Amino acid sequence: DAGVIQSPRHEVTEMGQEVTLRCKPISGHNSLFWYRQTMMRGLELLIYFNNNVPIDDSGMPEDRFSAKMPNASFSTLKIQPSEPRDSAVYFCASSNGGLNTEAFFGQGTRLTVV
Amino acid sequence: DQQVKQNSPSLSVQEGRISILNCDYTNSMFDYFLWYKKYPAEGPTFLISISSIKDKNEDGRFTVFLNKSAKHLSLHIVPSQPGDSAVYFCAARKGTGANNLFFGTGTRLTVIP
Chain A
1 DAGVIQSPRH EVTEMGQEVT LRCKPISGHN SLFWYRQTMM RGLELLIYFN NNVPIDDSGM
61 PEDRFSAKMP NASFSTLKIQ PSEPRDSAVY FCASSNGGLN TEAFFGQGTR LTVV
Chain B
1 DQQVKQNSPS LSVQEGRISI LNCDYTNSMF DYFLWYKKYP AEGPTFLISI SSIKDKNEDG
61 RFTVFLNKSA KHLSLHIVPS QPGDSAVYFC AARKGTGANN LFFGTGTRLT VIP
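Respectively, the protein sequence lines represent chains A and B. Each residue of the first sequence is one higher than the one before, counting from 1 in this note's numbering. Each residue of the second sequence is one higher than the one before, counting from 1 in this note's numbering.
Chain A extracted, bound-state conformation (with noise of 0.2 Å):
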């Protein structure tokens, strides 16, 4: 399996603009999350899937920000507008949702908002 793939791998955009990530996970998990790592809080749950539907997204910081999961392998995160504070790198993990079981996380999306 090639893993959890991410795309673009990198993303420079105006402030204002719409920016769309992707992921798609590992084929057979059935939980996907959406990570944003900053330095001053380290990696941070913006929202995660079970079986496709939004089981909490009690992180996702403001409305500029949603998710969908429109099938088990594939989900996008979405902000519109985009502001530079919203520059970070964003991580899409996915797990088998077992008990005692570790989520498998891509490489990444370095954002950037200028």
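A few of these clues could be false.
[As the list claims (entries may be wrong)] DSSO-like, lysine-lysine: derived pairs with alpha carbons at most 30 Å apart: (1) A:Lys-78 <-> B:Lys-94; (2) B:Lys-56 <-> B:Lys-68; (3) A:Lys-24 <-> B:Lys-37; (4) B:Lys-5 <-> B:Lys-68; (5) B:Lys-5 <-> A:Lys-78.
Derived by calculation from the structure, the hints in this document are not laboratory data. Predicted model, so just to flag it, every value in this text is computed and none were measured.
Following the hints, put chain B in place on chain A, whose structure we already have.
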């Protein structure tokens, strides 16, 4: 509020010596703990874990210790190698039905050759 805390942002250790990375948590509902390792420009990768029913788990050079009464866990690496230089994240999970992980802010380990 940060439920998992890594109070040391960085640690430097001589090659061959022991590295000890610490982690504290506040939520007594956490029952499964993990350590992840992250190299630059890569995603975190799972390193070792421990269930709350244990107080120690060992895997090669890596040992995780859990002190539930103190809500504290630590990762020991011995002997440390230059390739261990990375950022280490502590993570915790709350029981069944909620499999999202709560992460600390990370500790950057530098192993000096």
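To see whether the hints hold, each was checked on the structure:
1. A:Lys-78 <-> B:Lys-94: 28 Å, holds
2. B:Lys-56 <-> B:Lys-68: Judged against 30 Å, a Cα distance of about 11 Å means the pair holds.
3. A:Lys-24 <-> B:Lys-37: Distance of about 22 Å is within 30 Å: holds.
4. B:Lys-5 <-> B:Lys-68: 15 Å, holds
5. B:Lys-5 <-> A:Lys-78: Answer holds: Lys-5 of chain B to Lys-78 of chain A is near 29 Å, not above 30 Å.
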